[in-house]
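2 protein chains.
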Amino acid sequence: MAASHEKTSSELRKVLILKPPNVFLVHENLFCQRFHFVKAWESPLPTNQFLSTYAQSIEALFCSSLTCITADILSLLPTLRLVVTSSVGVDHIDLNECRRRGIKVANTAEVFTDDVADIAVGLLIDVLRKISAADKFVRAGLWSSEFPLGYKLGGKRVGIVGLGSIGLQVAKRLEAFGCIVSYNSRTKKPSVSFPHYADPRELALNSDVLVICCALTDQTYHMINKEVLSALGKQGFIVNVARGAIVDEKELVRCLVQGEIAGAGLEVFADEPNVPDVLLELNNVVLSPHRGVYTEESFWDSYELISGNLESFFCNKPLLTPVLDE
Amino acid sequence: MAASHEKTSSELRKVLILKPPNVFLVHENLFCQRFHFVKAWESPLPTNQFLSTYAQSIEALFCSSLTCITADILSLLPTLRLVVTSSVGVDHIDLNECRRRGIKVANTAEVFTDDVADIAVGLLIDVLRKISAADKFVRAGLWSSEFPLGYKLGGKRVGIVGLGSIGLQVAKRLEAFGCIVSYNSRTKKPSVSFPHYADPRELALNSDVLVICCALTDQTYHMINKEVLSALGKQGFIVNVARGAIVDEKELVRCLVQGEIAGAGLEVFADEPNVPDVLLELNNVVLSPHRGVYTEESFWDSYELISGNLESFFCNKPLLTPVLDE
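Line order of the protein sequences matches chains A and B. Going by our numbering, the first sequence opens with residue 1, and the numbers climb by one from there. Going by our numbering, the second sequence opens with residue 1001, and the numbers climb by one from there.
Hints listed in this document are in silico derivations from the structure and should not be mistaken for laboratory results. From a predicted model like this one, the values you see are computed outputs, not experimental measurements. Glycine residues also receive a C-beta, built at the ideal position from the N, C-alpha and C atoms. Mixed in with the good hints there might be a few duds.
Dumping the calculated DMTMM-like pairs for lysine to aspartate or glutamate here, alpha-carbon to alpha-carbon at most 25 Å [said to hold, decoys possible]:
no., chain 1, residue 1, chain 2, residue 2
1, A, K136, B, D1277
2, B, K1136, A, E251
3, B, K1136, A, E296
4, A, K136, B, E1272
5, A, K19, B, E1146
6, B, K1234, A, D301
7, B, K1172, A, E297
8, B, K1234, A, E297
9, A, K136, B, E1297
10, A, K234, B, E1296
11, A, K234, B, D1301
12, A, K172, B, E1110
13, B, K1136, A, E272
14, B, K1136, A, D277
15, B, K1136, A, E281
16, A, K172, B, E1297
17, B, K1136, A, E146
18, B, K1039, A, E146
19, B, K1172, A, E175
20, A, K136, B, E1296
21, B, K1136, A, E297
22, A, K234, B, E1297
23, B, K1014, B, E1304
24, A, K136, B, E1251
25, A, K39, B, E1146
26, A, K172, B, E1175
From the derived model, a few chain A residues whose C-beta atoms are all more than 12 Å from chain B [stated by the list, open to error]:
no., residue
27, E28
28, F50
29, L74
30, D91
31, I119
32, S191
33, L205
34, Q219
35, S230
36, E251
37, S288
38, G308
39, F314
Generate the whole structure from the sequences, applying the supplied hints.
In structure tokens form, the structure reads like this:
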């Protein structure tokens, strides 16, 4: 029963959700105290019909990166003025169409940066030092004399592909382990002293480890291809916490199977949730189900940021984390 | 066939090994080019009889931490003047008897410091962010929506038990993740600005994570007991890269099973190689078979250091890494 000071559902501002983001499922009670969510996924109607029937006056939409907000979807929402996504990346939203229509877009900005950087370092330690493999080994009742040697972090030349906020946090952490950092990006960053390589193949040639932290764009699709992997070489390791499609996954799997690179820590895959079967059998990989942002703390922070963006919008205040120029 | 410039086995200086250290097994060929090893473990004779028969003129002994060099063993080696261990810790060597007899002792000093610190951080990331669990999850064909949330490293109050060289390296790494470091040691370290707690229970009360890095001594045996674990509490995590017996393992297992602490990353156990069966079934632990120093690079460095100590001894030069005052 609602306390007298709480608003009833009909007094709350409406927010459309097509498919529920995980942060919504985790903090649904809190979200629903502040907004009235129109839940397309609970309706038996096809999405188009649901939107035509129930969403013609909707002003705000909340989505995750798993829901594509296409021009077609947007055309069914004539009054839409805001898209809030629970992700950092916005490649699932037709930004051009939003811009054209004057629809604002908000993302989760830096909320998940540290968690993703932590997972990148965790996967690297794990694959170099064989921690997941060791855990399986002990649980199978075995002990260390039969366990293979791993590799030291200190002194490893780590090439960071994409030195945005996540890449910078990975660099900061790995420097504390004695790693030697350099990076690839389209343009050299004047504020950064790490060596810059404009060509990812050049970076790979000069690295023992590549950590992929860049956004997926037309330019970065399959950027880590056969040539780059070959330049990384037999002693080389790769960690991907960005998007699976930045790497030519078929080529990566072939290199891992044939020992043309030494190992990989993979948080993302080309066709999630499908992970290539052959990876499941390899000892030189550590696999993670795209959950780099899955911490209690970040889910709380993102709940607060998403709610804050929605409140700001409904109060005609500037968004907390706008993606497009306002 | 030995090249003409190589010494034959009989020209090399003799070094006794009771049980082969792992670094000896990995680099046996190289070791055997420089010294003539007397291998007690290959003889069918009981150790005492072997030593009385074949080791009466032995001056140097090479051991790992798994071979106890007791006063009884030493009494069978009347000409012994050096014990070199492949470990950092020397609690397996009767140092008083060595001192009394004028037997020198050398350890591996700082060779393994970074590797052990790396494993400590790796285990902490692993247990907080559920990396080993995630790897098992993906390999079982599952995907992330069902996977539980982990915990963020940033902001965690990490109490380091024993701020020696390993503890300091753990602190340096964890500061880069945004952890807040304090420590316990008998005496406050004047060169260190982290908060000091003389009482491990006080440290635990003020920590979200304890990382055990101290030596095993009479004073530290079972130092992490029921009271300390209770002070750490239900949200608390523990990482042990030191020695199993520093923790009251039965109490630790009980706390993990009953949810009285949140989780553990364990590299060492009270009765290795025996790991308590109940740990093998828990999801909130990451288990590692005491292999914090198992890297290609450290094994190479320790081969060089051990050989260097033996060479120095036979040339009447100062040891590279003496444990006792010379």
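For each hint, the structure was consulted:
1. A/K136 <-> B/D1277: holds, 14 Å
2. B/K1136 <-> A/E251: Holds, at about 24 Å.
3. B/K1136 <-> A/E296: holds, 21 Å
4. A/K136 <-> B/E1272: Holds, at about 17 Å.
5. A/K19 <-> B/E1146: holds, 16 Å
6. B/K1234 <-> A/D301: holds, 22 Å
7. B/K1172 <-> A/E297: holds, 23 Å
8. B/K1234 <-> A/E297: holds, 17 Å
9. A/K136 <-> B/E1297: Given pair A/K136, B/E1297 holds - Cα atoms ~24 Å apart, limit 25 Å.
10. A/K234 <-> B/E1296: holds, 15 Å
11. A/K234 <-> B/D1301: holds, 22 Å
12. A/K172 <-> B/E1110: holds, 24 Å
13. B/K1136 <-> A/E272: holds, 17 Å
14. B/K1136 <-> A/D277: Satisfied, since the Cα-Cα distance of roughly 14 Å is no more than 25 Å.
15. B/K1136 <-> A/E281: holds, 11 Å
16. A/K172 <-> B/E1297: holds, 23 Å
17. B/K1136 <-> A/E146: At roughly 21 Å apart (the allowed maximum being 25 Å), A/E146 and B/K1136 satisfy the hint.
18. B/K1039 <-> A/E146: At roughly 21 Å apart (the allowed maximum being 25 Å), A/E146 and B/K1039 satisfy the hint.
19. B/K1172 <-> A/E175: holds, 10 Å
20. A/K136 <-> B/E1296: The given pair, whose Cα atoms are some 21 Å apart, holds under the 25 Å limit.
21. B/K1136 <-> A/E297: holds, 24 Å
22. A/K234 <-> B/E1297: holds, 17 Å
23. B/K1014 <-> B/E1304: holds, 17 Å
24. A/K136 <-> B/E1251: holds, 24 Å
25. A/K39 <-> B/E1146: Holds: A/K39 and B/E1146 sit about 21 Å apart, inside 25 Å.
26. A/K172 <-> B/E1175: holds, 10 Å
27. E28: holds, 14 Å
28. F50: The assertion about A/F50 holds, with a minimum of 22 Å to chain B.
29. L74: The assertion about A/L74 holds, with a minimum of 26 Å to chain B.
30. D91: Given that every Cβ of chain B is farther than 12 Å from that of A/D91, nearest at about 19 Å, it holds.
31. I119: The claim breaks: A/I119 does not keep its Cβ more than 12 Å from every Cβ of chain B (closest is about 6 Å).
32. S191: holds, 19 Å
33. L205: A/L205 clear of chain B: closest Cβ-Cβ about 21 Å, beyond 12 Å.
34. Q219: holds, 27 Å
35. S230: A/S230 clear of chain B: closest Cβ-Cβ about 23 Å, beyond 12 Å.
36. E251: holds, 20 Å
37. S288: Violated: least Cβ distance 4 Å, not greater than 12 Å.
38. G308: holds, 19 Å
39. F314: The claim stands: A/F314 keeps its Cβ more than 12 Å from every Cβ of chain B (closest is about 29 Å).
Going down the numbered hints, you'll see the structure goes against 31, 37, while the others check out.
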